[in-house]
Amino acid sequence: MEVAAPQAAVPVIELVGVSKRFGAIQALKEVDLSLYAGEVHALVGENGAGKSTLVKILAGVHRPDRGLLKISGEAVELRSPAQAQAAGIAVIHQEPTLFPDLDVAENVFMGHQPRDRLGRIDWRRMYREVEQLLQSLGVELNVYLPVRGLSVADRQLVEIARALSQDARVLIMDEPTASLSPREVEELFTIVEQLRARQVAILFVSHRLEEVFRLASRVTVLRDGQRVITAPAQDLTPEETVRHMVGRELAALFPKEEAAVGEVVLEVRHLSRAGLFRDVSFQLRRGEILGLAGLVGAGRTEVARVLFGIDQAESGEILVDGRPVSIRSPREAMRYGIAYVPEDRHQQGLVLDFSIARNITLSILKRVARFSLIRSRQELKIAADYAERLHVRGGRLTQPVRALSGGNQQKVVLGKWLATEPRILILDEPTRGIDIGAKAEVHRIVSELAARGLAILLISSELPEILAMSDRVLVMHEGRISGLFSRAEADQEKVMLAATGQNRQSR
Amino acid sequence: MSDSSEVKRPALNLDASSAAAPSAPALAKEDRRAAASGGGLAHGLAWVRSWEALLLVLLVLSLALGSALSPYFLSLSNFSLLISDMMEKALMALTMTLIVIAGEIDLSVASILGLASVVLGYTWSHGLPLGLAIVLVLLIGALCGLVNGLAVTRLGLPSLVVTLGTLALFRGLAYVVMGDQAVSSFPPAFTNFGFGTVPGTLIPWPFVLFVALALIFSLLLHRSTLGRQIYAIGSNKEAARFAGIRVEDIKLLLFVLSGLMAALAGVVFTARFSNARADNALGFELDVVTIVLLGGVNIFGGSGSLPGVVLSLLIIGVLRNALGLADISGDIQNIAVGALLILSVLGPNVVRRFQEAASRRRAAEKGPAGGPAHGAARSVPEETGAARAREGGQRR
Chain U
1 MEVAAPQAAV
11 PVIELVGVSK
21 RFGAIQALKE
31 VDLSLYAGEV
41 HALVGENGAG
51 KSTLVKILAG
61 VHRPDRGLLK
71 ISGEAVELRS
81 PAQAQAAGIA
91 VIHQEPTLFP
101 DLDVAENVFM
111 GHQPRDRLGR
121 IDWRRMYREV
131 EQLLQSLGVE
141 LNVYLPVRGL
151 SVADRQLVEI
161 ARALSQDARV
171 LIMDEPTASL
181 SPREVEELFT
191 IVEQLRARQV
201 AILFVSHRLE
211 EVFRLASRVT
221 VLRDGQRVIT
231 APAQDLTPEE
241 TVRHMVGREL
251 AALFPKEEAA
261 VGEVVLEVRH
271 LSRAGLFRDV
281 SFQLRRGEIL
291 GLAGLVGAGR
301 TEVARVLFGI
311 DQAESGEILV
321 DGRPVSIRSP
331 REAMRYGIAY
341 VPEDRHQQGL
351 VLDFSIARNI
361 TLSILKRVAR
371 FSLIRSRQEL
381 KIAADYAERL
391 HVRGGRLTQP
401 VRALSGGNQQ
411 KVVLGKWLAT
421 EPRILILDEP
431 TRGIDIGAKA
441 EVHRIVSELA
451 ARGLAILLIS
461 SELPEILAMS
471 DRVLVMHEGR
481 ISGLFSRAEA
491 DQEKVMLAAT
501 GQNRQSR
Chain B
1 MSDSSEVKRP
11 ALNLDASSAA
21 APSAPALAKE
31 DRRAAASGGG
41 LAHGLAWVRS
51 WEALLLVLLV
61 LSLALGSALS
71 PYFLSLSNFS
81 LLISDMMEKA
91 LMALTMTLIV
101 IAGEIDLSVA
111 SILGLASVVL
121 GYTWSHGLPL
131 GLAIVLVLLI
141 GALCGLVNGL
151 AVTRLGLPSL
161 VVTLGTLALF
171 RGLAYVVMGD
181 QAVSSFPPAF
191 TNFGFGTVPG
201 TLIPWPFVLF
211 VALALIFSLL
221 LHRSTLGRQI
231 YAIGSNKEAA
241 RFAGIRVEDI
251 KLLLFVLSGL
261 MAALAGVVFT
271 ARFSNARADN
281 ALGFELDVVT
291 IVLLGGVNIF
301 GGSGSLPGVV
311 LSLLIIGVLR
321 NALGLADISG
331 DIQNIAVGAL
341 LILSVLGPNV
351 VRRFQEAASR
361 RRAAEKGPAG
371 GPAHGAARSV
381 PEETGAARAR
391 EGGQRR
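Chains as they are written, first to last, in the UniProt record's numbering: chain U, 1 to 507; chain B, 1 to 396.
Just so you know, nobody snuck in bad clues.
In silico DSS-like links for lysine-lysine, alpha-carbon gap of 30 Å or less:
id, chain 1, residue 1, chain 2, residue 2
1, U, Lys56, U, Lys70
2, U, Lys381, U, Lys366
3, U, Lys29, U, Lys494
4, B, Lys237, U, Lys366
5, U, Lys381, B, Lys237
Some chain B residues near chain U, calculated using beta-carbon distances under 7 Å:
id, residue
6, Ser235
7, Asn236
8, Glu238
9, Ala239
10, Phe242
11, Ala243
Keep in mind the hints are simulated off the structure, nothing from the lab.
None of the values given here were measured: they were computed from a predicted structure.
Beta carbons are placed, not taken as given, at the ideal position from N, Cα and C, and that holds for glycine.
Let the sequences and hints guide you as you build the complete structure.
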């Protein structure tokens with residue numbers, strides 16, 4: 001592998017002290033990053049570390065609050081994606097966005113078609129140039145085919161060809177291999193090598209560390225919006241990289257109280273759903289919090305949806321109290337004592353126009369009604385009970401939940417599900433997007449619930465949360481279980497290695 | 001596998017978190033009081049109230065218009081007639097309100113009415129006892145609704161398209177049954193129900209039927225668990241599903257009810273005019289939809305109330321009657337109704353835009369430092385897309 005940054009050269013593109021803030025969330029904090037011609041620079045980090053924000057700043061989608069963006073040593077401002085393109089920066093997306101009904105060549109030259117002297121599109125030249133371009137990359141692709149129907153890999157090729165046709169000097173590849181088969185990944189890597197040889201500067205964003213270490217000459221690790229390290233790849237090992245990625249602050253977390261763990265209430269055997277997850281098995285016990293860790297897209301929510309009857313598994317078994325059950329709807333799931341606090345509060349958890357009280361009683365309407373007529377006093381009493389227990393603040397029970405803060409909204413969702421008196425509670429990212437104080441409160445509540453004998457499946461992308469709360473930690477990687485750790489064994493590195501699929505050889 | 005309890009993690013300081021959780025204000029108590037005073041009725045009541053106030057103003061205006069247009073307008077017998085003339089639309093508006101609140105629409109109601117009327121006339125004139133014929137007709141109406149409902153819930157087609165199709169289909173069936181023939185002799189007991197009034201008053205019998213059904217539907221929509229679920233479905237179908245509500249089953253039920261109600265309206269229509277023809281109630285769906293939307297029901301679902309719909313029913317009735325007295329033909333009257341339909345959807349949007357602009361200005365005056373703690377939830381990217389789009393669709 002060649003040595004990192006060629007000494008004398010000026011970086012093709014450089015970020016100096018870039019910060020970006022979205023509301024209360026500091027997405028990037030004084031990040032430096034440089035890309036040299038002919039290098040593959042990997043950008044790695046956990047979910048929410050700031051990778052996408054950084055990519056979007058380079059692509060002209062976001063503008064930094066502070067800091068400089070330099071191209072060939074000169075400070076510039078990119079006000080739009082079009083300006084970024086004009087400056088020679090191209091982004092290859094995980095799911096390419098092209099015009100599906102136009103053919104390959106038209107997509108490559110969209111917006112800068114070759115013209116003849118009369119200003120008409122020179123079709124013959126266009127197809128010839130695209131063919132040459134693809135040939136030079138060693139790719140066989142019919143330039144007359146419409147893009148609709150091409151594989152993701154082929155569509156990425158079209159995007160790459162498009163970038164080259166515009167003489168892009170910087171290529172940002174955002175999780176390019178996420179939906180590729182192993183063979184397609186190999187082909188993509190061959191092309192990346194060629195691009196490197198052509199002196200293109202490549203930023204390779206990925207959480208697949210084995211790919212990072214195959215391709216990259218330098219690696220930058222982001223954590224919580226900050227750059228942790230930039231180092232030549234040969235100076236790092238995957239283990240060290242993971243250590244840099246994790247090591248997050250554990251502040252303001254509420255660790256789980258010790259609780260007597262009882263009998264198995266939920267068991268999942270070899271559960272599969274095509275393309276989403278495969279052969280998932282685990283047990284969940286009374287009084288236990290089972291953490292379910294993994295990267296975004298690992299299939300955790302998809303498993304939860306099947307357990308709650310929203311989707312159906314294609315094979316495998318679900319057992320409640322040792323008896324096999326089939327759960328075909330949320331209603332049936334509720335009958336088995338399962339409750340699900342979904343990932344998307346606004347779309348799935350709440351009816352935003354409904355009041356606090358109405359949201360809390362939405363799944364227990366029968367209990368607040370007599371002869372199918374709702375007794376408002378009974379409804380408000382039950383709602384007040386849960387709102388009080390969960391410390392919902394910020395509004396009267398009759399006010400719409402839309403007006404509440406994220407944390408209080410989440411408590412309303414929790415209240416709604418606790419009102420069903422479940423025995424099995426699935427929490428999907430229960431603290432996402434809520435402030436630290438509310439987070440700690442949610443943790444305290446969850447811990448109390450486990451102590452009272454609920455069996456809890458906690459899905460979270462925040463490792464510290466998983467580690468502080470869970471009795472055991474289950475890890476998923478690309479649709480499969482890639483690790484199971486006891487509370488004693490689990491630490492950030494082990495879980496992260498399993499989540500990135502790095503522990504396969506050791507298993 | 002693991003044993004959970006052997007190792008204690010370094011205990012994290014909990015004080016910070018409990019300090020961050022100040023004692024909850026006496027929220028519950030306040031709300032119980034609100035409940036006792038009936039304040040637990042509806043959120044956003046203020047909005048509905050002001051919309052209904054606007055409807056009242058509109059009603060007074062149309063009454064004034066009526067009395068200006070014709071000296072016969074302000075008489076009890078004219079009001080009896082006016083009410084009587086609205087009854088079929090009124091009945092269909094009851095179920096239409098539920099359907100639109102649930103986020104769907106049924107454009108086929110007037111055609112079901114026509115089909116029902118024709119089947120009633122045909123079977124009665126071919127010797128079926130009238131009682132049986134009415135039962136049969138109601139069943140057919142329910143069946144028509146079932147067809148609509150199944151296409152919407154099981155095939156996942158948009159109700160706008162499905163019922164536009166069945167609007168043509170059911171009307172076509174009515175022509176198949178009877179062509180351009182008519183049946184116009186029915187037993188007096190039946191037509192008396194149509195023409196007649198409660199003895200000693202000018203109250204038409206169909207109005208009694210409507211009042212009874214309106215009370216039942218008000219209870220159903222505003223007090224029952226089914227009504228609550230209908231609002232939830234129209235407001236956020238996904239969240240309703242996640243809350244264990246049988247979204248598709250309830251929608252199916254509503255379409256069946258709508259078909260049934262349209263058939264009942266068909267029976268009333270046949271009795272009132274003592275006439276069964278395939279083109280009965282042609283174009284009534286325009287009035288029904290207008291009544292519902294003008295009544296304050298959100299075309300995107302999720303909000304609206306029956307009292308509002310009843311007010312709007314009176315407005316349309318008065319307007320049509322007044323224009324009729326002024327010798328303006330039904331087709332020309334449609335211009336007014338059509339304009340009202342568009343205004344009833346447009347008006348609230350304009351009002352909302354003004355309100356939003358006003359609140360933006362207020363926020364701007366307060367200064368940009370709205371405090372990141374508050375701004376946080378609003379500006380997190382996840383909030384923007386779908387949620388914001390929905391918000392845009394909310395009307396009142």
